[in-house]
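Colleague: Chain by chain, the residues:
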Amino acid sequence: MDKKQPEKIKCKNCNKEIDPDEFLINFNICPNCGYHGYVGAMKRIQITSDEGSFNEMAQDLNSVDFLNFYDLKSYSSRLTEARLKSGLNEAIVVGDARINGFRTSLGVMDFSFMGGSMGSVVGEKIKILADYSIANKLPLIIFCASGGARMQEGIISLMQMAKTVSCINRLRENKIPYICLITNPTTGGVSASFATVADIIISEPGTLFCFAGPRVVEQTIKKAVPPDFGSAERNLRNGQVDMIVERKDIKDILARLLKLFKN
Amino acid sequence: MDLNEIKEIPKNYFKETLRSFFKLEKLKRISHFSGVHFNDAEKELAKKIENYKKVEKEAIKTWKIVELSRNENRPHTPDYISNIFEDFIELSGDRQTAEDKSITAGLGKINGATVAVIGHNKGKDIKERVEFNFGMSMPQGYRKSQRVMQLAGRFGFPIITFIDTPGAYAALEAEDSGQASAIAKSLLTMFELEVPVIVVLIGEGGSGGALALAIGNYVMMLENSTYSVISPEGCAAILWNDPSGSKLAARALKLTSRSLLHMGVIDRIIFEPLGGAQTDPVRMVRILKRYIVLALDKFKNTDGKQLKEQRAQKFETMGFLAESSQDLFSDK
Ligand SMILES: [Zn+2]
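From first to last, the protein sequence lines stand for chains A and B. FYI, in the numbering used here the residues of the first sequence are 166 to 428. FYI, in the numbering used here the residues of the second sequence are 1367 to 1698.
Simulated from the structure, these hints should not be mistaken for lab results. Do not rely on the hints blindly, as some may be mistaken.
To be verified - When the alpha-carbon atoms are kept at most 30 Å apart in a straight line, the in silico DSSO-like pairs for lysine-lysine are as follows:
hint	chain 1	residue 1	chain 2	residue 2
1	A	Lys388	B	Lys1420
2	A	Lys238	B	Lys1427
3	B	Lys1551	A	Lys387
4	B	Lys1392	A	Lys302
5	A	Lys238	B	Lys1423
6	B	Lys1420	B	Lys1381
7	A	Lys387	B	Lys1430
8	B	Lys1490	A	Lys388
9	B	Lys1551	A	Lys427
10	B	Lys1389	A	Lys238
11	B	Lys1420	A	Lys250
12	B	Lys1551	A	Lys388
13	B	Lys1467	B	Lys1430
14	A	Lys427	B	Lys1671
15	B	Lys1409	A	Lys238
16	B	Lys1493	A	Lys387
17	B	Lys1394	A	Lys238
18	B	Lys1430	A	Lys238
19	B	Lys1671	A	Lys302
20	A	Lys387	B	Lys1490
21	B	Lys1414	A	Lys238
22	A	Lys340	B	Lys1493
23	B	Lys1413	A	Lys238
24	B	Lys1671	A	Lys340
25	B	Lys1414	B	Lys1430
26	B	Lys1414	A	Lys250
27	B	Lys1381	A	Lys250
28	A	Lys413	A	Lys427
29	A	Lys388	B	Lys1493
30	A	Lys238	B	Lys1419
31	A	Lys238	B	Lys1381
32	A	Lys416	B	Lys1414
33	A	Lys173	A	Lys413
34	A	Lys238	B	Lys1420
35	A	Lys238	B	Lys1392
36	B	Lys1551	A	Lys424
37	B	Lys1467	A	Lys387
Said to hold, decoys possible - Just so you have them, the derived chain A footprint on chain B, three or more residues with Cβ under 8 Å:
hint	region
38	1530-1541
39	1546-1557
40	1599-1612
Source: prediction; values computed, not measured. Just so you know, even glycine gets a beta-carbon here, dropped at the ideal spot from N, CA and C.
Could you put the whole structure together from the sequences, leaning on the hints where they help?
Modeller: Shown next, in the form of structure tokens:
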């Protein structure tokens, strides 16, 4: 066995050296300042759901390069790279899970797959999850992490905003509770569709959550934006989210909410 | 093959092609000594260059449409409203904080029946364009449209929308007052409606700001209008970090009426007078009126629940997927 100690890493926020083992075990939260580092979909599922309770659905859906979209690389090769990099098929993982014993439909987006962008597969998986929620009368929980619509699918990615909202509309008609968790970052087409039509919106601390990102806004208004632009704290103050909850407490809050909805 | 041929290909593909060219030249030199031939590699490069030239031709064609869609002399929402509907009365305000003039809304009559009309308004001259923020809406604009849509829904009035916006306004105030949730709420509101919704893309269909008025039972698009997830300029800036790639981006995004019909995103193309709608606005308005009447007729006998279901079906089936159980991570 290799006895080499893992190298020390620095916190992106407080810049202090932190023990990588402690960081990993602590759900990627800086033990020093509490900064919430990024966690991928699989780790998020482990943190949020009861051990061994998650059953993935629709894992065989894959994106296709129907526009033959080519910038510096083709969309197909970007997809292949994203699969290798993230170890996932697409930017969202969906399934059936238990949270402190409560059965739910759970969807978790992964920013490491092409910036968590929403294309046809993300839209379809959300539809499958919503249909499953309605058929089994299960509350829906989605963790968002997305840069927005997936440009490489052109107009069809814009249509996924409509598609997902339509699914949530049917969920609402069936009186199924829907809780959305905003994680860093959540912007663009995901912000302006299924994320913001949730019954309850919870944000992790320090999360960027907006429609147009800070750089786009600065370009439009030709002025610097305040440092807290789009932050969870600013969104709470502006009435855009219900609460800010630290990563370690999210599972508990979800369970408490599920209990209230179970009336 | 020589360097001059490469010079003609689009700037954004230039570097990559140049690299292949020099690689090939090097291979040729090696082949000279080793006797190995590289005909295939040369053919492939020639094919690549041919393709890039084709791409550029298409890009120029698409760009003409982008420019037409933004032409200031095209008829705008007020031109259609005043010439298609009788007894039109404009309604203002979101009843919460503001009146956003980038969206015009109101009630009017067509063929004797009351309808609600909502459309982006870019303004007709400089003064208006500034006042209407070039058709880029704040959350208050989307909230006004939701209010009028709900009113129409309650009274059973069909809704006609005109899409013509570069996109939602990207500004600090817009973000602070909930731009994302305003757009999402507009989508939700449109899916709840139990009246016919007829959508017409008349100019620029920019991203979420366009979609916020575009959830229709029937979606029509003027020949030279565009509809896209991102502006070509924005797309080029992200992909090539260079706005000069806008034409290539416009082509890649497939934002023309023809491509959109082909993908099933719109139901009908409305052809414009030769040279574009701006050459004969009066005729354009007259033609569009005919199609709006036809579209309304289509849904005359459909009941509310069915209308809602048809709309949900239409949008929930959009997407291109592949289902495969093959192991994507296996080495090939
Ligand atoms: Zn720290």
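Colleague: None of the hints should be skipped; say for each whether it holds.
Modeller: Evaluated hints:
Taken as a hint, the lysine 388(A) and lysine 1420(B) pair is broken in the structure, with Cα atoms around 40 Å apart against an allowance of 30 Å. Using a Cα cut-off of 30 Å, the hinted pair lysine 238(A) and lysine 1427(B) holds, with the two alpha carbons roughly 23 Å apart. With a C-alpha separation of about 29 Å, the suggested pair lysine 1551(B) and lysine 387(A) falls inside the 30 Å cut-off, and the hint holds. For the suggested pair lysine 1392(B) and lysine 302(A), the alpha carbons sit about 66 Å apart, so the restraint of at most 30 Å is broken.
This hinted pair checks out: lysine 238(A) and lysine 1423(B) have alpha carbons roughly 20 Å apart, not beyond 30 Å. Only pairs whose Cα atoms come within 30 Å are accepted, and lysine 1420(B) paired with lysine 1381(B) is accepted, the gap being roughly 18 Å. Restraint check for lysine 387(A) and lysine 1430(B): the C-alpha separation of about 29 Å stays at or below 30 Å, so the hint holds. Between lysine 1490(B) and lysine 388(A), the direct Cα distance comes to roughly 28 Å. Compliance with the 30 Å bound is thereby established for this hinted pair.
A distance of roughly 26 Å separates the Cα atoms of lysine 1551(B) and lysine 427(A); the hinted pair therefore holds under the 30 Å criterion. Between lysine 1389(B) and lysine 238(A) the alpha-carbon distance is near 19 Å, which keeps this suggested pair within the 30 Å criterion. Between lysine 1420(B) and lysine 250(A), the direct Cα distance comes to roughly 33 Å. Violation of the 30 Å bound is thereby established for this hinted pair. For the hint linking lysine 1551(B) to lysine 388(A), the alpha-carbon distance of about 29 Å falls within 30 Å, and the restraint holds.
The hinted pair formed by lysine 1467(B) and lysine 1430(B) meets the criterion: a straight-line CA distance of about 29 Å does not exceed 30 Å. Distance hint between lysine 427(A) and lysine 1671(B) is fulfilled; the C-alpha atoms sit about 29 Å from each other, no more than 30 Å. With a C-alpha separation of about 21 Å, the suggested pair lysine 1409(B) and lysine 238(A) falls inside the 30 Å cut-off, and the hint holds. Distance hint between lysine 1493(B) and lysine 387(A) is fulfilled; the C-alpha atoms sit about 21 Å from each other, no more than 30 Å.
Annotation: proposed proximity of lysine 1394(B) to lysine 238(A) holds, straight-line Cα distance about 26 Å (limit 30 Å). Restraint check for lysine 1430(B) and lysine 238(A): the C-alpha separation of about 26 Å stays at or below 30 Å, so the hint holds. Restraint check for lysine 1671(B) and lysine 302(A): satisfied, since their Cα atoms lie roughly 22 Å apart, inside the 30 Å limit. For the proposed pair lysine 387(A) and lysine 1490(B), the alpha carbon gap of about 25 Å is at most 30 Å, so the pair holds.
Taking the CA atoms of lysine 1414(B) and lysine 238(A), the gap is near 14 Å; set against the 30 Å cutoff, the hint holds. This hinted pair does not check out: lysine 340(A) and lysine 1493(B) have alpha carbons roughly 48 Å apart, beyond 30 Å. For the suggested pair lysine 1413(B) and lysine 238(A), the alpha carbons sit about 17 Å apart, so the restraint of at most 30 Å is met. Only pairs whose Cα atoms come within 30 Å are accepted, and lysine 1671(B) paired with lysine 340(A) is accepted, the gap being roughly 18 Å.
As the CA atoms of lysine 1414(B) and lysine 1430(B) are separated by approximately 25 Å, the hinted pair is consistent with the 30 Å bound. Of the supplied pair hints, the one linking lysine 1414(B) and lysine 250(A) holds, its CA atoms being roughly 29 Å apart against a limit of 30 Å. Of the pairs offered as hints, the one joining lysine 1381(B) and lysine 250(A) holds, with about 26 Å between alpha carbons and a cut-off of 30 Å not exceeded. Between the alpha carbons of lysine 413(A) and lysine 427(A) the distance comes to roughly 23 Å, so the proposed pair stays at or under 30 Å and holds.
This hinted pair checks out: lysine 388(A) and lysine 1493(B) have alpha carbons roughly 23 Å apart, not beyond 30 Å. In summary, the hint linking lysine 238(A) to lysine 1419(B) is supported, as the alpha carbons are separated by about 17 Å, within the 30 Å threshold. Restraint check for lysine 238(A) and lysine 1381(B): satisfied, since their Cα atoms lie roughly 13 Å apart, inside the 30 Å limit. Of the supplied pair hints, the one linking lysine 416(A) and lysine 1414(B) is violated, its CA atoms being roughly 53 Å apart against a limit of 30 Å.
Between lysine 173(A) and lysine 413(A) the alpha-carbon distance is near 23 Å, which keeps this suggested pair within the 30 Å criterion. Of the supplied pair hints, the one linking lysine 238(A) and lysine 1420(B) holds, its CA atoms being roughly 18 Å apart against a limit of 30 Å. With a CA separation close to 24 Å, the supplied pair lysine 238(A) and lysine 1392(B) stays within the 30 Å bound. Under the criterion of a C-alpha separation no larger than 30 Å, the hint pairing lysine 1551(B) with lysine 424(A) is consistent with the structure, at around 27 Å.
Of the pairs offered as hints, the one joining lysine 1467(B) and lysine 387(A) holds, with about 22 Å between alpha carbons and a cut-off of 30 Å not exceeded. Against chain A, the region 1530-1541 of chain B contributes 7 residues with a C-beta closer than 8 Å to a partner C-beta. That satisfies the three-residue criterion, and the hint holds. Proximity of the region 1546-1557 of chain B to chain A, defined as three or more residues with a beta carbon under 8 Å from a beta carbon of that chain, is established by the 8 residues found. Counting residues of the region 1599-1612 of chain B whose beta-carbon sits less than 8 Å from any beta-carbon of chain A gives 5, enough to reach three: the coverage restraint holds.
Checked against the numbered hints above, the structure violates hints 1, 4, 11, 22, 32; every other hint is satisfied.
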